[in-house]
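2 protein chains.
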Amino acid sequence: MIEDNDYGRRRVVIETVSPQVDGGRFAIKRVAGEKVAVRARIFADGHDVLGAMVKFRAAGEAVWQESPLQLLGNDWWQGEFRVPPLGRCQYTIAAWIDPFATWQRDLRKRLDAGQDVTVELQIGADLVRARLEGVSAEDRQQVTPLLDALADASDPARQTAAAVSEELGQWMFQHAERRFAVELDRPLDVIVDRPQARFSTWYEMFPRSCAAEPGRHGTLKDCEARLPYVAEMGFDVLYLPPIHPVGRSYRKGKNNAVMPAPEDVGCPWAIGAEEGGHKAVHPNLGTLEDFRRLVARAAEYGIEIALDIAFQCSPDHPYLRQHPEWFRRRPDGTIQYAENPPKKYEDIYPFNFECDDWKNLWQELKSIFIFWAEQGVRIFRVDNPHTKAFAFWEWLITEVKATYPDALFLAEAFTRPAVMYRLAKLGFTQSYTYFTWRNTKAELTEYFTELTRTPVREFFRANLWPNTPDILNEYLQFGGRAAFMARYVLAATLGANCGIYGPPFELCVAQPLAPGSEEYLNSEKYEIRHWPLEAPESLRGFIARVNRIRRENPALQADDGLAFHPVDNPQLICYSKQTEDHANVIVTAVNLDPHHTQWGWVELPLDELGIDAEHPYQAHDLLGDGRYIWNGPRNYVELDPGVCPAQVFRMRRRVRSESQFEYFL
Amino acid sequence: MIEDNDYGRRRVVIETVSPQVDGGRFAIKRVAGEKVAVRARIFADGHDVLGAMVKFRAAGEAVWQESPLQLLGNDWWQGEFRVPPLGRCQYTIAAWIDPFATWQRDLRKRLDAGQDVTVELQIGADLVRARLEGVSAEDRQQVTPLLDALADASDPARQTAAAVSEELGQWMFQHAERRFAVELDRPLDVIVDRPQARFSTWYEMFPRSCAAEPGRHGTLKDCEARLPYVAEMGFDVLYLPPIHPVGRSYRKGKNNAVMPAPEDVGCPWAIGAEEGGHKAVHPNLGTLEDFRRLVARAAEYGIEIALDIAFQCSPDHPYLRQHPEWFRRRPDGTIQYAENPPKKYEDIYPFNFECDDWKNLWQELKSIFIFWAEQGVRIFRVDNPHTKAFAFWEWLITEVKATYPDALFLAEAFTRPAVMYRLAKLGFTQSYTYFTWRNTKAELTEYFTELTRTPVREFFRANLWPNTPDILNEYLQFGGRAAFMARYVLAATLGANCGIYGPPFELCVAQPLAPGSEEYLNSEKYEIRHWPLEAPESLRGFIARVNRIRRENPALQADDGLAFHPVDNPQLICYSKQTEDHANVIVTAVNLDPHHTQWGWVELPLDELGIDAEHPYQAHDLLGDGRYIWNGPRNYVELDPGVCPAQVFRMRRRVRSESQFEYFL
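In order, the protein sequences belong to chains A and B. Under the working numbering, the residues of the first sequence are numbered 1 to 665, in order. Under the working numbering, the residues of the second sequence are numbered 666 to 1330, in order.
Treat the hints as calculated values from the structure; they're not laboratory data. Bear in mind the structure is a predicted one, so any value in this text is a computation, not a measurement. Be aware that a few hints might be false.
[Said to hold, decoys possible] Computed from the model, here is a short list of chain A residues facing chain B with C-beta under 7 Å:
id, residue
1, Arg-11
2, Val-13
3, Arg-41
4, Lys-109
5, Val-119
6, Trp-358
[To be verified] In silico EDC-like links for lysine to aspartate or glutamate, alpha-carbon gap of 16 Å or less:
id, chain 1, residue 1, chain 2, residue 2
7, A, Lys-344, B, Glu-1004
8, B, Lys-700, B, Asp-1246
9, A, Lys-344, B, Asp-671
10, B, Lys-1008, A, Asp-116
11, B, Lys-919, B, Asp-929
12, A, Lys-55, A, Glu-80
13, B, Lys-1008, A, Asp-4
14, A, Lys-343, B, Asp-777
15, B, Lys-1024, A, Asp-356
16, B, Lys-1008, A, Asp-112
17, B, Lys-1009, A, Glu-364
18, A, Lys-359, B, Asp-929
19, B, Lys-1024, A, Asp-6
20, A, Lys-35, A, Asp-75
21, A, Lys-359, B, Asp-671
22, A, Lys-344, B, Asp-777
23, B, Lys-1024, A, Glu-3
24, A, Lys-343, B, Asp-1246
25, A, Lys-359, B, Glu-668
26, B, Lys-774, A, Glu-339
27, A, Lys-366, A, Asp-383
28, A, Lys-109, B, Glu-1004
29, A, Lys-343, B, Glu-785
30, B, Lys-1009, A, Asp-112
31, B, Lys-1009, A, Glu-120
32, B, Lys-944, B, Asp-973
Every residue gets a Cβ at the ideal spot worked out from N, C-alpha and C, and that includes glycine.
Could you put the whole structure together from the sequences, leaning on the hints where they help?
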C-alpha cells in the first residue's frame, strides 16, 4: 500500500453503497429504461468539500458516462442513472477532495466575516491556473475571463464576484483534479432485461388436453385454436409443460399410480423416449414445424410461448445410451434413478452434476436452450433448478443471454429461502414464491414487505401463482369461487408478474387427490382431461377484467411501489401501488374470508399517495365500476364474497376544467 | 471459471458470514481468551448432507485448526473458536458435500421402510474404501473392523449395525473427501488485544495542576505523589494531556484569550518550542527520566500511564524549520495555520497529509509512537484522528502493533458517525462516543443498543466519558452533585471502558465559560489550577465504590451482555449485564432526574437472566448495600437523588446449604 506513491494521498472513503447484491458478487436487476438510484456514504478526514460521480457504461463500452452525486447530509450521497435498453451494464462511484469548492465555501465565510482575503484570492487563482493544462481551447476560453477577473487585484469587487461565482465553481468541478480520486474496488453489475421481465401474465396449460372433443390427445394445432380463449382473458405468456416424447418404462398411471393402464399417456416430465429427448416434439402433439407455427400464431395474439425446461430423463431417454457417464452408476451396473428415500422415482433419472464429464454435460444442456431459442422461444420456465448445481445456472444463463439477451428464465424452485434467493442472484429473471401458502393478512404483509422493501428487491422478481399443477392449496379447496377470485386479485395486484394453471383455475376446480393433499384429483400430470370451458361458473370474464386493469394501470406493472395500509379488520387486507409521479395510484382491498361479508375502515397515507387531504377524491373501483367519493385518510369498505371479494380502486383527484366544471381525473 | 476442472463440481455455497466487517475489508476485534461465534448460511443444490468447519490460525501460522459447524436449521450453521492471546488471527469456513453422511441418513430411512438395501450397503462400503488411501496406519486400523462388518453380507444384522453406526460416521467425517470443498474467497481477520482493551477505567489529569501547593507549576514528580489518590478511586489508566514543550508564538491566554499575559502557560496541545517537540518533555514538568519513573511508580499502583498524541505543531515546533515540506505554504510565503473559516487558530499548524513527502511524514509520526512506547507507554489517546488521513491510521496502528502488539489506541474523534466508525474499523482499539450528549432514557437506550446489539459491536469499543476538558455538558451544569453521580454510574455500568476528567469531575465543578457553552470556566487547558481534593462534597469515595463494583463483577467488564428493561417511569432507566453463564448478573437502575425522587416498576426477563421465576431472589444493591427480596419479573424501585440516584444490583439466587440453611448466593 505504502509502496504506491499516491496511496497515502487518497483521502476519500466510499462505504455502504447501494444497490448491490452480496458486496457486488451478483448483479442487480432492472428492465429497459429504469433508473438505478445510487446511494453511498462518502467522506474524508477533515472538513474539505468532496466531489462525487456515479459512473456507468453498457457492457463492452470503454468509456464511462457520469452523473454527479448530491450530498444529502450525514455523509450520505445520492444520484442516479438510466440503464441501457438490454444486456449488462456496470456502475461505480468516483469521489475526490475538491480543493476549489472547499476554497469557495471558505471564501464566502471569510467575506461574510469581513476578513482580508488578498492571499486567499491568490490561492484561488492558483487553483484555477493549475487546471488549465491539458484543457481544450474552448474550455480554456470559457474560463479565461473569470480567471482574469479573479486575478485582477485592481478591481476587488469584480475579483470577489468572479471568485464566488457559480460559473467558476461549475467549471472547476467539471475540470476537477481527480488524481487522488477513489473508486469502488470493482464496478457493480446490472442485468437489464426487457420490460416483460417485470410485467407478465402467465397462463399454464397442458397441450394434450386441448382437443376440441373429449377422448382425443390434444395437439399443438389444438393449442392454436385455444389462443383466442387465452388472449381474451388477457394473458401474454402461454406456458406449456414439457412437449417432448414421454418415457414408457416405469410410466406412471392416472393419479400417479405405479402400474399404468395400457392407454395411459404418462407424465410429460418423464422426458425422452425412442422418438427423442429434450429437443424433440411428442409425436402425438405434432411436429417441430407445428410448434414454430404455434409460436408465430401466438405472437399475433400478443402471446409468447414459454417452454418448460426440466433437466431429467425417463429411462428411455437417448442420453442414457449415448451418455451413461452423465448419470450415477450403482454397483449392480444399473443407473441411479431419482429418490427421496424411502420414496423411489424409477421413471426419472437425474443428471450427475459431479461427473467427470461435467463440461460436456453443461454444453449439451445449454444446447437445449439454444435449440428452442432458435425455434423462437425466449421464455423458459425451469423445472426444479435447485436440484442442479448453482454454478451451472450462473454459467448457463450468462451464456444463453450472450446470444439471446432477451431470454427470460423463471425459476420453479419451491424450497428454502436461501436457496430460492441464491437462484435469483445467479441470474434467474423471475422466481416462483411462497405466495400460494401465504393466505392470511399477516403472512401476506410480512412476505411481500420482505420481497419489495428489503434488498431482496434488487435481485428477486416474484411471479405469483395461486395454483400450479402441483399445488391446489387448502384455501382454494375450501373457499369456493370467492377464494379463487380473491387469490387471483391478490396475485394480480400484489405481483406485476403472475400466472395461473388453467383451465382448472378459471373453472374453480377444487377437489384434491385426498384430504390433506395439495395434489389435484385426476391430475393432468398423469392423464388427458377435457375441460368445460363454457361453464357458467367460469372466472374467465373476471380474469379478463383483472388483466385489463393490469394492462391499463402502470402502477400494477412494477412491484417497487407496494405499500400496505391499516384496516381495522383482520380479514380485510389493503395495499397500494403507484407510479413514481403519483399519476397512477391503485389501492386494492381484498376480503380474505371467502365465506362472509367483511367491512372495515381503511387508513391511507394520503401524502405518500399524492392525494390532497383537504379535498374529496374519488375511489373508482375498476373491478365493480363503483365510484366512491372519499374524504381524508379513513374510509369505509365492505366486501361481500358472494358478489366480489375485492375492490381495485384507481384514486382520482378532483380537477376543475376551464369552464369551472369539476370532475375527477 | 469453466476452465477450472473442479469449478462445476463445487456445489456448496457459503453466504451471510458473521462476524465480519464490511465484507472482510476490516478485522473484527476480540480480547485474549474470547470466543468468536461464527454463523453462516451454508447450502447446496439438492438434498445432500453437508459438512462444514470453521478454520482458524494465528498470524504467521501455516496450519489451520478446525472446529465443526453445526446446522441450526433453515441453512444456518454455527460454530465457534477461541482467539489466541494477542495479535492477529484469521478465520475462514470450509464446507463440502458429505456423500457418506447422506448415504447414512438415507440408509436409515430405507431400513425403517423395510427396503432391500443390498446394493446400498455395497455403495457404502465403496465410499469407505475410497477414503482408505493416504490414511495413517492407525486410522486405517480403526476403521477396518467397521468396514469388514459393513462388507460382510453373510451377517446382515452386523452389516447394517456397522453401516448406521455413529463411529463409522465420525470416522468418515474426519476423513471426508474435501476435494470439492468451498472456502470463503479470503480469510477474515481478527485483532486480538489484551483484556484492558475491553475493560479499563480512565482518569485524565493535567500534570501542571498537580503541585501540592498553589501557584507552582506542577511536575511529573507531583504526579507521582498524586498516584495514591488516583489509585484509591480505583482507576487503572492515568491519562495525561500533552507533556511536551508548549509554543510561545500566538500563545493563548486564560479562557482562550487571544492576548496572553506574560505569566500565562499556554495550551498543552500547542505542541513544540525551542526545547523540542513531540518527543520532548516540558522542562517545567521535568525530564524524560522523571517520566519513566512515573510510569514505573504508576505500575506499582496498578495504573498505566496513557499519553495524548496530538499531531499538530505550535509555530515554534522544530518541524516547521526542519520539514517545511510537511506543511501547506501560502502564496505569501507563510505556512498555513489551522482554520475553521472564519475562525483562525494561529497557534496551531496542521500537517499536510497530501504533501509530496507524505511517506517521510508518516515515518516520522510513527517514530513518535515508537519513542514513547520505548519509554514504557502502551496506551495512546489520539487527539482528533479524524483530521488526519484514514490510510495513515490503518498503516500506523498496524505498524506500531507489529512491534508492540499490546499497544492500545483511543480515538478522540467527536464527529459524524460514519467517520467515528471508520476510525474504529481502521484499528483504533477504543473510541470516544456520543455518551456525553445522551442524557434521556430514549437517547441512552437507542445509542447503546446500536453500539452493543448491531454489527457495530464487532469493531467499535466505546469508552464513556461524562466529561472531558472540552465538554462540560448542560446536564452536569444544572444537575448538581446527583447529576455527577448518575452520569458516573451510567458510564461505569453501561460501558466496560469509561473515564473522567478530574479533579473537576469528582469535585462536581459545573460552571461553564458562558451560558450555553460546554467549555469550563477558567479551563485547565489555558491555566494552572489548584484543586481542593479534600473538599467534603468530593465524589472520590463514591467513585471508588463504583469502581470496586466494576472490578468485582465480571458482568461489568464487557459490553456484550447489555440489555435494557422496561420501567414504567420515563425518568428511570434500567438495564442489565451478565456473564455468559449467568454466574454474575448486574441490574442497574438510575434516576435520570437529578432533582426529584422517582419510583416505578422494573420488569426483568428472568429467563434471560437465568433467574428462577418460581422462587424469590435477592437484589443486592452493591452501591447502598441494601438487600431486597424480589419475586417474579416486576419489582419496585425508588431512587432519591438527594441520597443516591442509582442502584447497582447483583442478582443473587436462593440456594440451600447441606444443612438445609437457605441463603442467597
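Run through the hints listed earlier and report the numbers of any the structure violates, in increasing order.
Of the numbered hints given earlier, those the structure breaks are 7, 9, 13, 15, 17, 18, 20 and 24, listed in rising order.
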